[in-house]
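Participant: Sequence:
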Amino acid sequence: LMIGFAAETNDLIKNAKKKIQSKKLDLIVANDVSQTSIGFNSDNNQVTFLFGDGRQVKTPVESKQKVADQLIEIVAEEFKS
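Using this note's numbering, the letters of the sequence shown correspond one by one to residues 1 to 81.
Do not take every clue at face value.
Label-pair distances were calculated between CB atoms; the ranges are [to be verified]:
#	residue 1	residue 2	range
1	Lys80	Asp11	30 to 36 Å
2	Arg55	Asp11	18 to 24 Å
3	Ile3	Glu62	17 to 23 Å
4	Ile3	Val33	15 to 21 Å
5	Gln65	Ile3	28 to 34 Å
6	Thr36	Lys58	24 to 30 Å
In silico SDA-like links for lysine to any residue, alpha-carbon gap of 20 Å or less [what the hints assert, rightly or not]:
#	residue 1	residue 2
7	Lys23	Ile13
8	Lys66	Gly54
9	Lys66	Lys24
The set of hints was computed from the structure by calculation and includes no laboratory data. Idealized CB from N, CA, C, for every residue including glycine.
All chains, full assembly: derive it from the sequences and hints.
Facilitator: Here you go:
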């Protein structure tokens, strides 16, 4: 399972889709770093998980710990499949 991360300031989904294809990833965690209230220098974040098969899951604004927990759950689910 290949996972990547994309910190983008614009065109979040478009740029993440390009990266998932060019790097041949199974999953990319896309993070809009243009928002000052989340991401860098904040305890909260909001990300979109994009899968190689086209699925997308956007998290609400929540703690980075919850985002990390979701990533672990997603990876565990993918290994089950």
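Participant: Any of the earlier hints contradicted here, and which numbers?
Facilitator: 5, 6, 8 and 9
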